[in-house]
Amino acid sequence: MAHRYDVLGLFDNEYDDEGFRTCSVTGLRIHRTVENHVKLFGLTAVVALLVGGIFAFTVATTRWEAIGLLGPDAFYTHLSMHAWNLLIFWMVFMEVAILYVGGPMVLGRRLPWTKVATAGWLTMVAGAVAVNYTIWTTSAPNEAPLLTAYVPMPVSPWFYAAACLFIVGTVIAALPFFVAMWREKREHPGKTLPLVAFAAFVTSIIAVEALVGGLVAFAPAMLWRLEIIEWVDAAWYRQMYWIIGHGTQQINLVAMITVWYFLTHVVAGAEVVSEKVSRTAFILYLFFINLGAAHHLLSDPAVSTGWRIWNTSYAFYGATFASLIHAFAIPAGIEAGRRKRGKGGGLFGWLTSAPWGNPVFSSTIFSIILFGFLGGITGVMMGQLQLNMTWHNTFATVGHFHATVVLGTTVAFMGLLFFLIRTMFRRQWLSTRLAAIQPYLYAGAMGVAVLMMMYVGILYGVPRRTVEVVSNIQGTEFDLAAASPLFAIFGIFALLAIAAGVLFILLAVGSLLFGKRIDDESNVSDLVADGGLALAEDPDDPVHAYEMRGTFVLCLVFLAAFVITYLLNWYLLTQLWAIGA
Amino acid sequence: MTSPLKPPEGDWWSQPVNRRESIWLGLGAVWSVILFGWMSVWTTAGEQNPIGETYRIESEAFREKLSAYKDAATETDEGLVPPGTDVYIQAMRFYWDGAPVVLEAGTEYDIHLNSMDVQHGFSLRPEDALSKQINLQVLPGYEWVVPMTFDEPGTYHIICNEFCGQGHRTMHGTIIVTEGS
Numbered sequence: 001m002a003h004r005y006d007v008l009g010l011f012d013n014e015y016d017d018e019g020f021r022t023c024s025v026t027g028l029r030i031h032r033t034v035e036n037h038v039k040l041f042g043l044t045a046v047v048a049l050l051v052g053g054i055f056a057f058t059v060a061t062t063r064w065e066a067i068g069l070l071g072p073d074a075f076y077t078h079l080s081m082h083a084w085n086l087l088i089f090w091m092v093f094m095e096v097a098i099l100y101v102g103g104p105m106v107l108g109r110r111l112p113w114t115k116v117a118t119a120g121w122l123t124m125v126a127g128a129v130a131v132n133y134t135i136w137t138t139s140a141p142n143e144a145p146l147l148t149a150y151v152p153m154p155v156s157p158w159f160y161a162a163a164c165l166f167i168v169g170t171v172i173a174a175l176p177f178f179v180a181m182w183r184e185k186r187e188h189p190g191k192t193l194p195l196v197a198f199a200a201f202v203t204s205i206i207a208v209e210a211l212v213g214g215l216v217a218f219a220p221a222m223l224w225r226l227e228i229i230e231w232v233d234a235a236w237y238r239q240m241y242w243i244i245g246h247g248t249q250q251i252n253l254v255a256m257i258t259v260w261y262f263l264t265h266v267v268a269g270a271e272v273v274s275e276k277v278s279r280t281a282f283i284l285y286l287f288f289i290n291l292g293a294a295h296h297l298l299s300d301p302a303v304s305t306g307w308r309i310w311n312t313s314y315a316f317y318g319a320t321f322a323s324l325i326h327a328f329a330i331p332a333g334i335e336a337g338r339r340k341r342g343k344g345g346g347l348f349g350w351l352t353s354a355p356w357g358n359p360v361f362s363s364t365i366f367s368i369i370l371f372g373f374l375g376g377i378t379g380v381m382m383g384q385l386q387l388n389m390t391w392h393n394t395f396a397t398v399g400h401f402h403a404t405v406v407l408g409t410t411v412a413f414m415g416l417l418f419f420l421i422r423t424m425f426r427r428q429w430l431s432t433r434l435a436a437i438q439p440y441l442y443a444g445a446m447g448v449a450v451l452m453m454m455y456v457g458i459l460y461g462v463p464r465r466t467v468e469v470v471s472n473i474q475g476t477e478f479d480l481a482a483a484s485p486l487f488a489i490f491g492i493f494a495l496l497a498i499a500a501g502v503l504f505i506l507l508a509v510g511s512l513l514f515g516k517r518i519d520d521e522s523n524v525s526d527l528v529a530d531g532g533l534a535l536a537e538d539p540d541d542p543v544h545a546y547e548m549r550g551t552f553v554l555c556l557v558f559l560a561a562f563v564i565t566y567l568l569n570w571y572l573l574t575q576l577w578a579i580g581a
Numbered sequence: 001m002t003s004p005l006k007p008p009e010g011d012w013w014s015q016p017v018n019r020r021e022s023i024w025l026g027l028g029a030v031w032s033v034i035l036f037g038w039m040s041v042w043t044t045a046g047e048q049n050p051i052g053e054t055y056r057i058e059s060e061a062f063r064e065k066l067s068a069y070k071d072a073a074t075e076t077d078e079g080l081v082p083p084g085t086d087v088y089i090q091a092m093r094f095y096w097d098g099a100p101v102v103l104e105a106g107t108e109y110d111i112h113l114n115s116m117d118v119q120h121g122f123s124l125r126p127e128d129a130l131s132k133q134i135n136l137q138v139l140p141g142y143e144w145v146v147p148m149t150f151d152e153p154g155t156y157h158i159i160c161n162e163f164c165g166q167g168h169r170t171m172h173g174t175i176i177v178t179e180g181s
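Respectively, the protein sequence lines represent chains A and B.
Residue numbers for the first sequence follow full-length UniProt numbering, so the first one is 1 and each next one is one higher.
Residue numbers for the second sequence follow full-length UniProt numbering, so the first one is 1 and each next one is one higher.
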């Protein structure tokens, strides 16, 4: 029965007397409370994606100085809107939905404390609207906050208050997840969690660490702007800020990898080739990934060399090693799972036979490949103490985090939304053909744009966060015009990527509003992996015994790219004059 | 049971790991150690490190030092010639006080960096080789002394690469490096 406010009929699936239904694609037993809240948070995320995406257009066409859309007065406001809506709101609303999927939904439980979940959503929405309002109404002497709102730049105190409100809302929204996990372990103390639930739990802990860091940074900054306390130290603020600034990106990373395990299993038949190894990787994340925040302080005066080396190396690259584990385990899961299903002749038959026309699959694979090659490798580059000097605050940094957050997380989340439209909202995609090509357009165009960002940053030293520096620097003859040709390529491909983003929004919203309702289970059978999911449950047919040589070759290619990029970056560094003690 | 959506049953910890996955784990571990080792060794063996002494200082106190330094320096058409090997540069919205400055190639200078007001970014490159560029964060409240030895004469340009306000894009300065005597 649809709720009386549910005029679009988006929350009206049929459930049994206990409130459950069984998903014909995943086989999960889904409770109404979980499903409706996942939908609520997912829909809100799409709204944030739309708002942030509009500002992607104005920001990109300003940085492409051949167009130079905005002047400095408007640009920083637009850049702040772009950053907060996409890096924070789009991601975090999706991540709460992912927690609810990974926890109660995978465990076949109802969502406890539903009123708290709804209250959390309301608080997050209020915080997000308030952040947007305070950014949009920035006026002198205040400056637009950008993502960082670095002290002692004058930023509206109400901006800090709004950011705190959003953070508190997120913690509230996460509470029902923790309660569900608590109850599960109380009821089944000896039972191991499914890998996806385990990964979601690790995500939630990393998330709470990050969010608390945000309060520690933003609350004193607000008090300082209200003149209640006298001074906030710039270096201290940076260190606290980056707990959330980078920490939220680590939530994106771990949530994305959770989605990788989930979707490759459901739509391509991937299996977990080693529970031990994959879970160990998540444990390594739990301890080490948040140390990655130190990357932002490598070219800072106030932290010691030992502190920088220890933290930026994630304590001896503990988290990098974890990512290398997933880089093998996930494709190996696809390879072995598909070989088991008789879909894997030769070295790469498991890939060529895969459902490339299914946008859920193609999005997930593009996310895995592009995150690894472009986002992961560059993250390690700029995370080296010395190389950081050549990356810090250049446009290459912007390229790095567009590779991680857009090519990695956003592409994966788009794939997840394509999946949810069919399985939870139970609507056919408005156009199966357009849905099939959307991931290719988006990931392809964005991939080129991201490479150009990195090149202009590293090879021409183009700074981030500025309106005019390539064609002209006011007051001097000097400029960075040599970077113009690459900027033209950047501009064209950024616009193509934005067009593909618009296509995604049209497909998502259009399918929800006008898509054909799915009444018959055979209408979603194209989503299910070849041979069905039950194959993964045969104890006499262990997946680890299947060949993984295709994955091994791909991983060696990846390692070679990693080593070559590393050597090139170091070569560039050694061309410099002598710097430092 | 190897579905990520189902609890693994039995003694899953003791399940064998595929040989190729084990080899990859070994490669990954070795690579991680190389990354760490190289970065650590370079701090002592390498020539490019973002490392220098840092002191807490009030902006006004740094201004006094800068002012005494300017009094002792020689003014030329090209810029300030420092009296010794200490060079003071203070960032403020929206210029680099202390620049332009004239230095000699082959001499090690201690560059003292500080900000008068908000956070800035000290981004430096020679005019004719844009790919040779470095970036250091400049904070109010801290004096960062970073040694530098320029090996090639030429004009080096400083741009601010941390957003510091509406005039951020105009914040530019120069270091002129001449042939060493």
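Hints were generated in silico from the structure; no laboratory data involved.
Since the model is a prediction, treat every value here as computed from it, not as a measurement.
Don't be surprised by glycine CBs; every beta carbon is placed ideally from N, CA and C.
There could be a bad hint or two in this list.
Unchecked claim - Below, in silico cross-link-like pairs of lysine to aspartate or glutamate (EDC-like), each with a Cα-Cα straight-line distance of 20 Å or less:
id: 1; chain 1: B; residue 1: K65; chain 2: B; residue 2: E9
id: 2; chain 1: B; residue 1: K132; chain 2: B; residue 2: E108
id: 3; chain 1: A; residue 1: K191; chain 2: B; residue 2: D11
id: 4; chain 1: B; residue 1: K132; chain 2: A; residue 2: D12
id: 5; chain 1: A; residue 1: K276; chain 2: A; residue 2: D530
id: 6; chain 1: A; residue 1: K516; chain 2: A; residue 2: D12
id: 7; chain 1: B; residue 1: K70; chain 2: B; residue 2: D97
id: 8; chain 1: B; residue 1: K70; chain 2: B; residue 2: E60
id: 9; chain 1: A; residue 1: K276; chain 2: B; residue 2: E47
id: 10; chain 1: A; residue 1: K185; chain 2: B; residue 2: E9
id: 11; chain 1: A; residue 1: K191; chain 2: B; residue 2: E108
id: 12; chain 1: B; residue 1: K132; chain 2: B; residue 2: E47
id: 13; chain 1: A; residue 1: K185; chain 2: B; residue 2: D11
id: 14; chain 1: B; residue 1: K65; chain 2: B; residue 2: D11
id: 15; chain 1: A; residue 1: K39; chain 2: A; residue 2: E14
id: 16; chain 1: B; residue 1: K70; chain 2: B; residue 2: D128
id: 17; chain 1: A; residue 1: K276; chain 2: A; residue 2: E547
id: 18; chain 1: B; residue 1: K65; chain 2: B; residue 2: D97
id: 19; chain 1: A; residue 1: K276; chain 2: B; residue 2: D11
As the list claims (entries may be wrong) - Per the computed footprint, the stretches of chain A lying under chain B, defined by three or more beta-carbons under 8 Å from a beta-carbon of chain B, are:
id: 20; segment: 13 to 19
id: 21; segment: 48 to 57
id: 22; segment: 230 to 243
id: 23; segment: 389 to 396
id: 24; segment: 539 to 545
The hints, checked one at a time:
no. : hint              : verdict
1   : B:K65 <-> B:E9    : violated, 70 Å
2   : B:K132 <-> B:E108 : holds, 18 Å
3   : A:K191 <-> B:D11  : holds, 11 Å
4   : B:K132 <-> A:D12  : violated, 60 Å
5   : A:K276 <-> A:D530 : violated, 26 Å
6   : A:K516 <-> A:D12  : holds, 15 Å
7   : B:K70 <-> B:D97   : holds, 10 Å
8   : B:K70 <-> B:E60   : holds, 15 Å
9   : A:K276 <-> B:E47  : violated, 43 Å
10  : A:K185 <-> B:E9   : holds, 16 Å
11  : A:K191 <-> B:E108 : violated, 64 Å
12  : B:K132 <-> B:E47  : holds, 14 Å
13  : A:K185 <-> B:D11  : holds, 18 Å
14  : B:K65 <-> B:D11   : violated, 69 Å
15  : A:K39 <-> A:E14   : holds, 15 Å
16  : B:K70 <-> B:D128  : violated, 29 Å
17  : A:K276 <-> A:E547 : holds, 18 Å
18  : B:K65 <-> B:D97   : holds, 12 Å
19  : A:K276 <-> B:D11  : holds, 10 Å
20  : 13 to 19          : violated (count 0)
21  : 48 to 57          : violated (count 0)
22  : 230 to 243        : holds (count 4)
23  : 389 to 396        : holds (count 6)
24  : 539 to 545        : holds (count 5)
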